[in-house]
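Asks: Spelled out, the chains give:
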Amino acid sequence: MKKVFTLRPQSGAFSLQLPIVPIALTLCLFLMMVVLMIVGLSLGSTWVSPLAIMQYFIGIDVGANTFIIESLRLPRMLVALLAGAALGVSGLILQEMVRNPLASPDIIGITGGGAVAAVFFITTFSGILPMSLLPLAAMLGSAIVSVLIYALAWKQGISPLRLVLIGIGINAAMSALTTLMIIFSPINSSSQAYVWMTGSVYGSSWSAVQQMFPWIGCAMILALLCARAVHVQQLGEDVAKSLGARIQWQRLGMITVSVILAGVAVAFAGGISFVGLMAPHIARFVIGRSFALLVPTAAIIGGTMVFVADVIGRTAFLPLDVPVGVLVSGIGAPFFLYLLYRNRKG
Amino acid sequence: MMDEMLRTNSLTLGFKDRIVIDELDLDIPKGKVTILVGANGCGKSTLLRSIARLLKPKSGSIELDGLDMDQLSTKEIAKRLAVLPQSTSSPEGLTVSQLVKQGRYPHQTLLKQWSVEDEKIVNEAMTSTGVFEMADRPVTSLSGGQRQRVWIAMTLAQRTETLLLDEPTTFLDVAHQIEILDLCHMLNEVEGKTIVIVLHDLNLAARYAHHMVALKNKTIYAQGSPEEVVTTEMMKQVFALDCEVIEDPITLTPMTIPYSKKAARRVKERAFAL
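Heads up: the protein sequence lines correspond to chains A and B, in order.
Under our numbering, the residues of the first sequence are numbered 1 to 346, in order.
Under our numbering, the residues of the second sequence are numbered 1 to 274, in order.
If you are wondering where the hints come from, they were derived from the structure by calculation, not from laboratory data.
Cβ atoms here follow ideal geometry from the backbone N, Cα and C, with glycine treated the same way.
There could be a bad hint or two in this list.
Claimed, not checked - Restricting the straight-line Cα-Cα distance to at most 27 angstroms, the calculated cross-link-like pairs of lysine-lysine (DSS-like) are: (1) B:K79 to B:K32; (2) B:K56 to A:K155; (3) B:K16 to A:K155; (4) A:K155 to B:K75.
To be verified - Partner residues aside, some chain B positions facing chain A, computed with beta carbon under 8 angstroms: (5) A52; (6) I77; (7) V83; (8) P91; (9) Q102; (10) Q113; (11) S115; (12) L142; (13) G144; (14) G145.
What the hints assert, rightly or not - What follows is a list of derived Cβ distance ranges for each label pair: (15) A:L177 to B:G130: 53 to 61 angstroms; (16) B:T127 to A:F5: 22 to 30 angstroms; (17) B:K120 to A:Y202: 44 to 52 angstroms; (18) A:G330 to B:S73: 34 to 42 angstroms; (19) B:G130 to A:F57: 40 to 48 angstroms; (20) B:S61 to A:Y341: 50 to 58 angstroms; (21) A:M131 to B:S89: 26 to 34 angstroms.
This is chain B alone, in the form it adopts within the complex (with noise of 0.2 angstroms):
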C-alpha cells in the first residue's frame, strides 16, 4: 500500500445550496506528482482549495500527514503545505526578493523577522527557480513565466514538503508551460516535494503525473497511473470527447488526439482522394 500525504474522508464541498463535491474520499501519495484533471466547472479547483483550506468543507474532514488539518493551526499547516493560487497580483513596486521573503511569514515573528535562515532559504529558492537575478526588479515588471516562477519560489520558501498548484501554466506559452512543469518536476525529484496540481492540459498532465485524478459528477471518475487514467472511455464520459489516445513518442505517456468537425472533414476529404 502507498503511503498517503493528504487523505480526504468524505468530504463535501459547495455553495450555499450547490454541492461541487460529494462525500469524496482521496489519497494524494507522498512524494509523488498528482495531477488533477477534470471539465470546466467538475469541482478540481474547489476540492485544491478545499484542500489549501481556502475553502471550508460542508462536511467530511482533509488529514494531512496523518494529522486532521483541524487540530492544525492555520501556522502549523503553513509550515507543511504551500498553495499557489490560481490567481496572483503582486502590489505596485513589490520586488522579486521582497516577494519571495513573504514565504518565510509562517517562520517568523514579531521579533525574528529576518534571520540567518530565512536569508538562505530565500536566496536556495529563488536560485533552483531561475529567479535570482531579478531579485530587485518589480514583480509587475516581468513576463508571465517569470511572474509564475516568482511565485513558485515565494512558495518553496515556506519549506513545505507538499506544495499545491491550482493550473499553474494558464495564460503561458508553450515553452512556459513546460518550464513550470519541468520545475516542478525536479522539485520532486531532488526535493522528494508532494506535489498536486490541477491542469487542463492532459497532454502534459499525463507527461508529469505519477497518479492522475479523473473528476467527474462530484466525485473520482478514475485514478491511477496516467495509463490507467487516459482512455477513450474515460474522455468521452469526463470531457464528452471522442478521442484516439496514442502513445506519446517522446515521453511514451498516453497522449489524446480528439475528433472534432473539422478533422471529420479531413478525415473524409483524404478518404475520398485516395
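So that you can see chain A by itself, here it is in the shape it has in the complex (with noise of 0.2 angstroms):
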C-alpha cells in the first residue's frame, strides 16, 4: 500500500502530501475522545445514561436531564477541552520552535506570567471589580511577560535556548511574586487564589467557551499554517537560512501563537501544568514527525487528558470537586514516567 496519498488536482492550484496511516490514526484518536466526552457527561453524581447525553446532541428532549447537561457539564468539559488542547499545541510549538523537548509553557514562563496577573487581582481587586474580568487579567500578564521574554532573549536575533533560560528565570520570579502576595492576602482569597494556580475550571459557563473559542479556533489555524516553517527549522538554523527561510520572522509568528494559546488557556482554566509538556510527547509518539497532523493530534491529546482529568476530579471524591490541575499532574506524571520506560525497552 502508497503510504502518502498526494492531493495534486489538475489545475495545479495546489498541492499536498497527505500520509494516510498517520491521518487515519488521528481520526481514531478523535473518535477516542468523542466516546469519552459522551461518557464523560454521563458520569457525575447523576448518572445521565450514554443515549440521553446522545439524544441531547442530535436534538431530542431528554427532559430534566437538559438542564444537567448544558448548564452544568457540557461547558465544563467544553472549557477544560478547549483548555487543554491550547497548552497541547501551544507546548508542541514551543518544543518544536526550541528543539528541545522539555519546552512548555508553563516552564518558560508564560504561564507564570498569567498567575501573577491573576493573583494580583483576585488578592488586591476581589470584591472591588466583577470576577468576570479575571481571564482578561490573566491574559494580559501572560502577554506582558512573553513580550518582556522575547525583548530580554533579543540578541541580534532570537536564540531558541537563550529563550528558554531567560524564560526560566522569568518564571522563577514570577513563582517567588506570586507566593509572596499570596501570603500577604487575606486567608480567603488566598485559598481562591490557590486554586486558581492549581487549575480548576469549576463552574464554567458558557459565556467561558464563547470567550475562548474564537482565540483558540485562530490560533489552531495558523499553528497549521507554522508547519512549513517548523519543518525546515529542525534542520538547525544554518541550513534553514540557506533554503531562504526567515527563521526570526519565523520564530515570531510561533512564539506569538503560542503565547496566545498558553494565554487563554490560563486565563480561563487557571495554571493547569503539564499538559503543554506531555501532550505534544504523546501525540509524536503516536504521529511522528508532520507538524501539520501533529497540531490536531496534540490538541485532541492534551483536550482529552484535561477533561478526563476533571471528569474524575469532580467524580471520584463526591461531594468533593478536586481542581483539575491536581488530577492532570497526579495522573500524567506517572503516565508520562511509564510512556518513557516503555519507549526504553522498546
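Now that you have both chains on their own, put them together as the hints suggest.
Replies: Here's what the structure looks like:
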C-alpha cells in the first residue's frame, strides 16, 4: 500500500502530501475523544445514560437531563477540552521552535506571567472589580511577560536556548512574586488564588466557551500554517537560513501563536501544568514527525487529558470537587514516566 | 578574462572587535570548482558563511552573478545558491526523502507544497547522489558518508547554479572523502555547477580544484591554478610548515610532503646507514 497520498488537482492550483496512516490514527484519536466525552457527560452525582447524551446532541428532548448536560456538565467539559487543546499545541510549538523536548508554556514563564496577574487581581481587586475580568487580567499578564522574555532574549535575533534560559529565570521570579502576594493576602482570597494556580474549571459557563473559542480556533489555524516553518527549522538554523527561510519572523510568529494559546488557556482554566509538556510527546509517539498532523493530535490529546482529569476530579471524590490541575499532574506524571519507560525497552 | 559567479567587494568580516577578513576582493569563477585553503582560524569558513549570507559582513558587499546580494530576497538567493554548512544535524526519525524534500523549500508556497516538478527533482537529486535506495530510512541510521550524500542531495534539490560546501569531508574516512569529492566533480562536469569548497586536505584540494585560494592574514595570500598556489613558499607562509612539493603520480597535480621531527630523524638514520 502506498504510504502517502498526493493531493494534486489537474489545475495545479495546489498540491499537498497526505500521509495515510497518521491521518487514520488522528481520526481514531478523535473518535476516542468523542466516546470519552459522552461517557464523561454521563458520569456525575446524577447518572445520565450515554443514550440520553446522544439524544441530546441530535436534538431529542431529554427532559430534566437537559439542564444537567447543558448548564452543568457540557460547558465545563468544553472549557477543559479547549484549555487542554490550547496548552498541548502551545507546548508543541515551543518544543519544535526551541528544538528541545523540555520546553512548555509553564516552564518558560508564559503561564507564570498569567498567574502573577491573576493572583494580583484576586488578592487586590477581589470584591472591588467583577471576577469576570479575571481572564482578561491573566491574559494580559501572560502577554506582558512573554514580550518581556522575548525582549530580554533578543541578541541580534532570538536564539532558542537563550529564550528558554531567560524564560526559566523569569518563571522563577514570577512564582516568587505569586507566593509573596499570597502570603500578604487575606486567607479567603489566598485559598481562591491557590485553587486558581493549580488550575480549575469549576463553575465554567457558556460565556467562557464563547470567549475562548474564537481565540483558540484562530490560533489553531495559525499553528497549522507554521508547519512549513517548523519543518525547515528542524534542520538547524544555518540550513534553514540557506534554504531562504526568514527564521526570525517565523520564530516571532510561532511564539505569538504559542502565547495566545497558553494565555487563553491560563485565563479560563488557571495554571494547569504538565499538559503543555506531555501532550506533544504523546502525540509524537502516535503520529511521528508531520507537524500539520501533530497540531490536531496534540490538541486532541491535551484536551482529552484535561477533561478526563476533570471528570475524575468532580466524580471520584464526591462531594469534593478536586481542581483539575491536581489530577492532570497526579495521573499525567506517572503515565508519562510509564511511556518513557516503555519507550526505553522498545 | 574569466566569467565570475561570485565576487566580494572590499568585504570585511568579523565578530565584535575582532576582524577575521579584511577588505577582501575575491572573484569566484563560474562553472568551476574553487577550493579555499588556509590554516585553522584563517577565516576561510567565515568567508564561506558570509557568502552564504549566514553571517552579516561588517562592511563591503557580495555580488552573485552580477547582482548585489543585498538587493535579492532570501528566497531568491536560495534559488541561486545552495549551502552545506560544516555541521548538520538531522532530527530523530526524519527519513532521507523527507530531508531531501526540504531542498524544495525556496520553490514552494503554502498552497503548492508538492508539485510534479518537486517530485521529479527530488528523485533526480537522490539518484545522482546514490541515496535513492535509502529514501525511506531515517537519516540518523546512516553512516557518515551516506549522511553527507543525503545532505548534498538536499542542496541539489534546491536546483541552484552554485553550491557552497564547508569542509564536507570532515569526519569521513579517506574512501568517503574521495567519494564526496568525486560527487562534487561530477556535479561540476555534468551539470556545470559552480562549486566552492572549504577543504583541509591540500592534496585532495589540488586534485579537485580548478581554482585555489589560499588565505592568510585576513586576506588572499595566493590564488590561481593548484600548480600556481601549492608551492613550498606558500606552505611556509600560510601553514608555517616546511614541505617538499612533488607531482601527484596519479593526477599530476601538486602534492605536498611535509617535514616533521620524525621525518627528519628517519632521513638522518638512513643517511647514517648509507
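Asks: Hint by hint, note whether the structure agrees.
Replies: Against the structure, the hints:
no., hint, verdict
1, B:K79 to B:K32, "holds (19 angstroms)"
2, B:K56 to A:K155, "holds (14 angstroms)"
3, B:K16 to A:K155, "holds (13 angstroms)"
4, A:K155 to B:K75, "holds (24 angstroms)"
5, A52, "holds (6 angstroms)"
6, I77, "holds (7 angstroms)"
7, V83, "holds (4 angstroms)"
8, P91, "holds (5 angstroms)"
9, Q102, "holds (6 angstroms)"
10, Q113, "holds (5 angstroms)"
11, S115, "holds (5 angstroms)"
12, L142, "violated (15 angstroms)"
13, G144, "violated (17 angstroms)"
14, G145, "violated (19 angstroms)"
15, A:L177 to B:G130: 53 to 61 angstroms, "holds (59 angstroms)"
16, B:T127 to A:F5: 22 to 30 angstroms, "holds (23 angstroms)"
17, B:K120 to A:Y202: 44 to 52 angstroms, "violated (58 angstroms)"
18, A:G330 to B:S73: 34 to 42 angstroms, "violated (51 angstroms)"
19, B:G130 to A:F57: 40 to 48 angstroms, "violated (57 angstroms)"
20, B:S61 to A:Y341: 50 to 58 angstroms, "holds (57 angstroms)"
21, A:M131 to B:S89: 26 to 34 angstroms, "violated (49 angstroms)"
The structure is inconsistent with the numbered hints 12, 13, 14, 17, 18, 19, 21, although it conforms to all the rest.
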